[in-house]
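Protein chains: 2
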Amino acid sequence: MFFQLSRCVIAAALLTVLPVANAASAAQAADPLPSWNEGGTKSSILEFVKETTTTGSKDFVPLKDRIATFDQDGTLWVEHPLYTQFLYILSKANDVVAKHPSFAEQEPFKTVLSGDMEKISKLSTQEILRIAVIAQDGLSVEAYNADVEKWLASARDPRWGKPYTDLIYQPMLELMEYLRANGYKTYIVTGGGQDFVRTYSESVYGIPVEQIAGTSFSTQFKYDPAGKAYLALQPELFFDDDFGGKARGIGLFIGKRPYFSAGNSTGDREMLEYTTSGEGRRLGMLVFHDDAKREYAYGPAQGLPETQVGTFTQNLYDEAVAKNWSIISMKNDWKKIFKFD
Amino acid sequence: MFFQLSRCVIAAALLTVLPVANAASAAQAADPLPSWNEGGTKSSILEFVKETTTTGSKDFVPLKDRIATFDQDGTLWVEHPLYTQFLYILSKANDVVAKHPSFAEQEPFKTVLSGDMEKISKLSTQEILRIAVIAQDGLSVEAYNADVEKWLASARDPRWGKPYTDLIYQPMLELMEYLRANGYKTYIVTGGGQDFVRTYSESVYGIPVEQIAGTSFSTQFKYDPAGKAYLALQPELFFDDDFGGKARGIGLFIGKRPYFSAGNSTGDREMLEYTTSGEGRRLGMLVFHDDAKREYAYGPAQGLPETQVGTFTQNLYDEAVAKNWSIISMKNDWKKIFKFD
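Going down the list, the protein sequences come from chains Y and E.
In case it helps, the working numbering puts the first sequence at residues 37 to 377.
In case it helps, the working numbering puts the second sequence at residues 37 to 377.
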């Protein structure tokens with residue numbers, strides 16, 4: 037966005053505005069979605085963009101209203117076996133116990149320190165958030181971001197042996213870039229932490245931090261000893277950006293009903309319902325993890341294994357079919373999953 | 037913004053990026069602030085923009101970090117004798133009493149229906165918000181926006197006999213446009229209602245609704261009888277974007293510390309402190325209403341009359357001087373106040 041903006045400033049001085057359609061067709065000249073197999077899903081994207089950005093089309097959407105929202109975990113990057121943010125939070129357990137030794141014998145710390153991944157993976161979101169709340173309490177937002185950055189630089193996913201920020205779905209990067217090239221403003225609307233995702237959203241997704249809507253903790257306005265003002269994280273959840281909260285988050289942070297939304301689990305249902313309930317042509321998409329060989333396979337929709345992380349129920353699957361949302365089969369729709377494939 | 041974005045799309049295809057400094061000097065060729073008198077205040081703006089946008093300057097700020105935040109009431113448009121949004125809320129009292137006749141004898145409705153402006157202007161914010169809460173309860177955000185739009189189209193300010201959206205300070209419009217022409221992303225950070233300001237922000241200020249941070253009520257995700265999803269306003273304050281809340285709102289909605297902030301009252305103190313506590317060159321500005329002849333004069337700073345609406349204390353004035361914030365004298369710094377002057 038900000039690179040486009042830099043061109044804007046010059047463009048304003050040098051150019052008369054051409055119809056947006058030209059830009060669209062220019063973007064389409066080369067295949068904008070090379071990692072997508074030909075077929076219904078890819079066609080639904082190309083057709084949606086063509087119909088909503090071609091001047092004169094009955095479904096033409098003015099630039100200012102071109103909003104596209106994306107869930108993150110399981111939609112833009114790998115979420116199994118456990119959300120990346122949860123792994124970051126678990127890595128803080130030792131620091132917390134070092135500061136508060138009495139926690140060593142209390143849950144969830146006892147389980148986390150045991151290193152028993154079997155048991156750890158069964159911890160509830162509330163138990164894991166309890167670690168986060170204690171670990172980050174009072175930190176300035178800048179200090180929190182710096183700590184997340186440090187962790188992301190060294191942490192590696194055990195299956196691929198790569199930084200978690202390499203485990204981004206290449207087809208989705210192409211989709212976001214294609215939408216932006218056609219005037220869509222791309223947002224991440226995540227049940228994960230807004231400040232966590234903001235740490236890397238610009239470098240990894242090309243999405244500026246101000247276009248991240250997510251779950252957040254309260255902050256307090258404070259002064260450091262030198263009298264400098266800062267925001268300190270507080271041990272209390274402020275906004276839960278999941279399920280209905282995703283639609284409310286869109287209202288709060290964007291204030292416009294998206295024309296495009298992509299998710300992958302029951303937590304994204306309301307975001308897609310809110311998007312596709314709008315007037316005119318809208319597109320809802322759900323990434324379906326049906327590729328155990330190249331990534332993971334989980335549901336329980338279509339008989340795939342049950343999971344607590346990124347649950348995709350048969351009920352959601354049936355609603356998607358009934359409402360003409362596109363279901364993205366990782367196995368059949370994606371030529372490659374990662375840039376490094 | 038979205039017009040610039042439309043140019044972006046074409047620029048991406050046609051242009052190699054020129055240094056931003058060229059755009060800046062292009063913008064400066066003609067006086068970008070014609071409604072500002074020459075002098076210290078105008079110079080502080082020109083110098084700030086030059087130093088933060090000229091490649092090679094030690095205070096150069098990358099495009100992605102160029103964030104400028106503006107309070108609205110009393111900073112961008114007239115707030116006396118009463119906030120425009122309060123006048124809208126008061127106009128709802130009759131509808132509420134028509135629906136709930138028993139309220140006619142209860143405060144604040146009794147006072148509002150009396151039409152006694154003297155008493156009405158003494159109602160507390162809590163009393164006025166009570167009317168809002170009842171009037172808008174359950175409305176979809178779209179229905180609320182449509183109602184505000186309808187009111188703005190017919191309501192007239194008694195002193196100038198003009199729509200409230202004409203009572204915008206021309207020098208501030210020029211300042212926002214000048215900052216945008218130099219790559220700054222302009223936001224409104226208001227103690228007023230986020231949804232209220234979003235109704236007209238694009239047409240009046242050229243600021244898209246997603247760049248409005250403000251006070252908001254909770255919403256609920258609901259389905260209409262046809263099964264369409266929408267957001268319904270709830271009778272409960274969700275976020276109070278005033279005083280420390282303005283700094284917290286910047287963290288929540290923008291996630292970056294601004295380089296420029298403008299306000300006009302004690303409610304903007306923390307926003308300016310947060311902005312100017314950042315590293316490098318920052319600019320904080322306060323509009324001082326010292327022009328009873330062309331607009332209004334109130335303080336109580338510098339011996340001007342006390343007011344409950346847009347209070348500017350001597351303490352804030354002294355902090356501004358001590359911290360090198362620019363105090364904008366409406367009387368001395370502005371050639372004209374309104375476009376129609």
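Careful: at least some of the hints might be erroneous.
Unchecked claim - Computed from the model, here is a short list of chain Y residues facing chain E with C-beta under 8 Å:
| # | residue |
| --- | --- |
| 1 | Lys100 |
| 2 | Asp152 |
| 3 | Lys155 |
| 4 | Val177 |
| 5 | Ile248 |
| 6 | Ser252 |
| 7 | Tyr266 |
| 8 | Leu267 |
| 9 | Gly280 |
| 10 | Ile290 |
Claimed, not checked - Below, in silico cross-link-like pairs of lysine-lysine (DSS-like), each with a Cα-Cα straight-line distance of 25 Å or less:
| # | chain 1 | residue 1 | chain 2 | residue 2 |
| --- | --- | --- | --- | --- |
| 11 | Y | Lys128 | Y | Lys86 |
| 12 | Y | Lys198 | Y | Lys375 |
| 13 | Y | Lys292 | Y | Lys94 |
| 14 | Y | Lys371 | Y | Lys329 |
| 15 | E | Lys292 | Y | Lys100 |
| 16 | E | Lys264 | Y | Lys100 |
| 17 | E | Lys359 | E | Lys86 |
| 18 | E | Lys128 | E | Lys158 |
| 19 | E | Lys94 | Y | Lys264 |
| 20 | Y | Lys100 | E | Lys94 |
| 21 | E | Lys100 | Y | Lys292 |
| 22 | E | Lys329 | E | Lys372 |
| 23 | E | Lys100 | Y | Lys359 |
| 24 | Y | Lys264 | E | Lys292 |
| 25 | Y | Lys292 | E | Lys264 |
| 26 | E | Lys292 | Y | Lys258 |
| 27 | Y | Lys158 | Y | Lys292 |
| 28 | E | Lys198 | E | Lys375 |
| 29 | E | Lys100 | Y | Lys100 |
| 30 | Y | Lys264 | E | Lys128 |
| 31 | Y | Lys372 | Y | Lys198 |
| 32 | Y | Lys186 | E | Lys158 |
| 33 | Y | Lys292 | E | Lys186 |
| 34 | E | Lys198 | E | Lys372 |
| 35 | E | Lys100 | E | Lys86 |
| 36 | Y | Lys292 | E | Lys292 |
| 37 | E | Lys158 | Y | Lys258 |
| 38 | Y | Lys292 | Y | Lys329 |
| 39 | Y | Lys292 | E | Lys258 |
| 40 | Y | Lys359 | E | Lys258 |
FYI, nobody ran anything at the bench for these hints, they're computed from the structure.
What you are looking at is a predicted structure, and each value in this text was computed from that prediction instead of being measured.
The beta carbon of each residue, even a glycine, is placed where N, CA and C say it ideally should be.
Comparing the hints with the structure gives:
{"no.": "1", "hint": "Lys100", "result": "4 Å, holds"}
{"no.": "2", "hint": "Asp152", "result": "36 Å, violated"}
{"no.": "3", "hint": "Lys155", "result": "35 Å, violated"}
{"no.": "4", "hint": "Val177", "result": "6 Å, holds"}
{"no.": "5", "hint": "Ile248", "result": "7 Å, holds"}
{"no.": "6", "hint": "Ser252", "result": "6 Å, holds"}
{"no.": "7", "hint": "Tyr266", "result": "7 Å, holds"}
{"no.": "8", "hint": "Leu267", "result": "5 Å, holds"}
{"no.": "9", "hint": "Gly280", "result": "4 Å, holds"}
{"no.": "10", "hint": "Ile290", "result": "5 Å, holds"}
{"no.": "11", "hint": "Lys128(Y) to Lys86(Y)", "result": "47 Å, violated"}
{"no.": "12", "hint": "Lys198(Y) to Lys375(Y)", "result": "12 Å, holds"}
{"no.": "13", "hint": "Lys292(Y) to Lys94(Y)", "result": "20 Å, holds"}
{"no.": "14", "hint": "Lys371(Y) to Lys329(Y)", "result": "13 Å, holds"}
{"no.": "15", "hint": "Lys292(E) to Lys100(Y)", "result": "23 Å, holds"}
{"no.": "16", "hint": "Lys264(E) to Lys100(Y)", "result": "23 Å, holds"}
{"no.": "17", "hint": "Lys359(E) to Lys86(E)", "result": "21 Å, holds"}
{"no.": "18", "hint": "Lys128(E) to Lys158(E)", "result": "18 Å, holds"}
{"no.": "19", "hint": "Lys94(E) to Lys264(Y)", "result": "22 Å, holds"}
{"no.": "20", "hint": "Lys100(Y) to Lys94(E)", "result": "35 Å, violated"}
{"no.": "21", "hint": "Lys100(E) to Lys292(Y)", "result": "23 Å, holds"}
{"no.": "22", "hint": "Lys329(E) to Lys372(E)", "result": "12 Å, holds"}
{"no.": "23", "hint": "Lys100(E) to Lys359(Y)", "result": "38 Å, violated"}
{"no.": "24", "hint": "Lys264(Y) to Lys292(E)", "result": "16 Å, holds"}
{"no.": "25", "hint": "Lys292(Y) to Lys264(E)", "result": "16 Å, holds"}
{"no.": "26", "hint": "Lys292(E) to Lys258(Y)", "result": "16 Å, holds"}
{"no.": "27", "hint": "Lys158(Y) to Lys292(Y)", "result": "37 Å, violated"}
{"no.": "28", "hint": "Lys198(E) to Lys375(E)", "result": "12 Å, holds"}
{"no.": "29", "hint": "Lys100(E) to Lys100(Y)", "result": "20 Å, holds"}
{"no.": "30", "hint": "Lys264(Y) to Lys128(E)", "result": "43 Å, violated"}
{"no.": "31", "hint": "Lys372(Y) to Lys198(Y)", "result": "17 Å, holds"}
{"no.": "32", "hint": "Lys186(Y) to Lys158(E)", "result": "54 Å, violated"}
{"no.": "33", "hint": "Lys292(Y) to Lys186(E)", "result": "19 Å, holds"}
{"no.": "34", "hint": "Lys198(E) to Lys372(E)", "result": "17 Å, holds"}
{"no.": "35", "hint": "Lys100(E) to Lys86(E)", "result": "17 Å, holds"}
{"no.": "36", "hint": "Lys292(Y) to Lys292(E)", "result": "22 Å, holds"}
{"no.": "37", "hint": "Lys158(E) to Lys258(Y)", "result": "32 Å, violated"}
{"no.": "38", "hint": "Lys292(Y) to Lys329(Y)", "result": "39 Å, violated"}
{"no.": "39", "hint": "Lys292(Y) to Lys258(E)", "result": "16 Å, holds"}
{"no.": "40", "hint": "Lys359(Y) to Lys258(E)", "result": "17 Å, holds"}
Checked against the numbered hints given earlier, the structure breaks hints 2, 3, 11, 20, 23, 27, 30, 32, 37, 38 and satisfies all the rest.
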